[in-house]
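Student: Generate the whole structure from the sequences, applying the supplied hints.
The chain contents come next:
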Amino acid sequence: NAGVTQTPKFQVLKTGQSMTLQCAQDMNHEYMSWYRQDPGMGLRLIHYSVGAGITDQGEVPNGYNVSRSTTEDFPLRLLSAAPSQTSVYFCASSPRGQGGYTFGSGTRLTVV
Amino acid sequence: AQTVTQSQPEMSVQEAETVTLSCTYDTSESNYYLFWYKQPPSRQMILVIRQEAYKQQNATENRFSVNFQKAAKSFSLKISDSQLGDTAMYFCAYLYGGATNKLIFGTGTLLAVQP
Chain F
1246 NAGVTQTPKF
1256 QVLKTGQSMT
1266 LQCAQDMNHE
1276 YMSWYRQDPG
1286 MGLRLIHYSV
1296 GAGITDQGEV
1306 PNGYNVSRST
1316 TEDFPLRLLS
1326 AAPSQTSVYF
1336 CASSPRGQGG
1346 YTFGSGTRLT
1356 VV
Chain L
1145 AQTVTQSQPE
1155 MSVQEAETVT
1165 LSCTYDTSES
1175 NYYLFWYKQP
1185 PSRQMILVIR
1195 QEAYKQQNAT
1205 ENRFSVNFQK
1215 AAKSFSLKIS
1225 DSQLGDTAMY
1235 FCAYLYGGAT
1245 NKLIFGTGTL
1255 LAVQP
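Line by line, the protein sequences are chains F and L. Per the working numbering, residue 1246 is the first one in the first sequence, and the count goes up by one each step. Per the working numbering, residue 1145 is the first one in the second sequence, and the count goes up by one each step.
Calculated directly from the structure, the hints in this document are not laboratory data. We put the beta carbon where it would ideally sit given N, CA and C, even for glycine. Wrong hints could be hidden among the right ones.
Claimed, not checked - Chain F is faced by these chain L residues, among others (derived, beta-carbon under 10 Å):
#1 1179
#2 1185
#3 1188
#4 1239
#5 1243
#6 1244
#7 1247
Tutor: Written out as structure tokens, the structure is:
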């Protein structure tokens, strides 16, 4: 049972490049979320999903897209990377009704 | 909108002593969950303890316990017999028990346990 798997763990992008951060969970959780963590700001919600085919925006959605075609996968797409998107990104999942989220190990992204 | 405030950016405690981390939150909801997460230098987010708002009894997990004051919207974490491995960033988080299941975090408290 792998839990929540994020890839890659580290990435360096040039300004303007696009990329997809992958997230997969094998716990059959309905809820999935993407966060970014910046110093002094805690974790801020980017996008979230309450089930396959259903996504919505969080607190800081600009510059990011998501989709949820299956229960297991919830990729985060950066359309045109900017230095302001340099951050650590976490994916998390939760079952219905229990409230506790399980987190992936994070992706450290640097945009130069 | 729901908000979570952690007013102590950094704290320090001696090994084997007790420390309390503070957290307040703002909500108009009656049904919700509160959490404390630990993030050691490895970056992994680890769930420490969970409290359901409708339960008056304070949650306890080994050396970790909370003081949940619903009327005051306060949710502090007490760590007893502090250990070097407790050195980490600690995040307080609020989850609204509705359909969205959104988890909102405070800005964190960096705890250093000194030998």
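Student: Could you check if residue 1179 of chain L really has its C-beta closer than 10 Å to a C-beta on chain F?
Tutor: Result: holds, 7 Å to nearest chain F Cβ.
Student: Per the CB criterion, is residue 1185 of chain L less than 10 Å away from chain F?
Tutor: violated, 12 Å
Student: The hint names residue 1247 of chain L as touching chain F; please verify it with the least Cβ-Cβ distance against 10 Å.
Tutor: holds, 5 Å
Student: Using Cβ atoms only, decide whether residue 1243 of chain L comes closer than 10 Å to chain F, and label the hint accordingly.
Tutor: Holds, about 6 Å.
Student: Regarding the hint that residue 1239 of chain L lies at the interface with chain F, is the smallest CB-CB distance below 10 Å?
Tutor: Check passed: Cβ of residue 1239 of chain L comes within 5 Å of chain F, closer than 10 Å.
Student: Quick check on the hint: residue 1188 of chain L CB to chain F CB, less than 10 Å?
Tutor: Where the cut-off is 10 Å and the nearest Cβ of chain F is about 6 Å from residue 1188 of chain L, the hint holds.
Student: Is the interface hint satisfied for residue 1244 of chain L? The criterion is a beta-carbon contact with chain F at less than 10 Å.
Tutor: holds, 6 Å
Consistency with the previously given hints fails for number 2 only.
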